[in-house]
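According to the numbering used here, the sequence shown is numbered sequentially starting from 48.
Nothing false has been slipped in among the hints.
Pairwise CB distance ranges, derived in the manner of DEER restraints:
1. 165 with 325: 21 to 31 Å
2. 89 with 290: 39 to 49 Å
3. 64 with 250: 34 to 44 Å
4. 56 with 232: 19 to 29 Å
5. 68 with 250: 42 to 52 Å
6. 87 with 235: 20 to 30 Å
7. 232 with 286: 19 to 29 Å
8. 225 with 91: 25 to 35 Å
9. 321 with 105: 23 to 33 Å
10. 321 with 194: 17 to 27 Å
In short, the hints are calculated from the structure, not lab data. Think of the CB as a built atom: it goes at the ideal place given N, C-alpha and C, for glycine as much as any other residue.
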Amino acid sequence: RAGLLAAPPEALVAATDRVCERYAQDPGSGQRHYDPAIYGPVADGVLLTADPLEALAAGAGGAVELLVCHTTEEYWLLDAVGSSAKITSEEQLAAFAADFGLPSSLVEGHRERLPDAPLLDVYLSLYSGLLFAEYSTRLAEAHALAGGRAFLARFDRRRDRAGGRVRAWHCADIPFAFGNLHEESVHFLVGGPPGAADQELSRRMARAWAGFAAHGEPGWAPLDGPAGGGETVRVWRTEEEEAADAARRPGGARRADGVRRVEDDRGAEHGFRDLWRTAGLPLLAP
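Starting from the given sequences, assemble the full structure and let the hints guide the process.
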């Protein structure tokens, strides 16, 4: 402990990089191989007394209102910045599933839903759910089932101002919620300078976040059970994307107030909830 406290920050960062690089180069290092990180929250029994999912399910923080949002393509960002392992073979995908204890039904289900996707995208979709989407959803569900108020949203904007494909990846929702799409520093996250449809989406999201912060009301109903069973979950898209989706699936059109009823949880925009619902959610090993 004394040695760590005395070490210069630069030395700690350099040592961390060396350890992470060894994990990245060693496919046999288990969970740490796929996106090496040696620092993270730890349930030490003092500052964090339990896994938050278990704590909320037991009623902890019941008086606290939650607004939970995840994106629908979270892990593609980690792939884009080079921090994630490149899983491109059947053997690698099988090893990934084994390392995290993912059932074969979950892996095969993703394959079936993404029939034309490369193997790397199947892996990224699984990892997105494992690390971000599924945990976020279960956190909101657990809070609601324990009697708390929890609002759930998913960010699924996938078209830039020219109609080109962009990823709804990790943190892409943040500039929309904070209304700083004009900042050049966030253009990598959102696929370039914003168009009019993006600005309109940003205004809607900022109103929702402000309404929740001020009054506990983001503009849609809180969960009252497992998300995906008909409860309201806000799916954030541009109006152009909503119109295209409504034309493609008339039964899934938005209500007049802009909130979607989740009646089909099979798609990526709903986190493949039907697949994950029957699967466990293993925590990362220390």
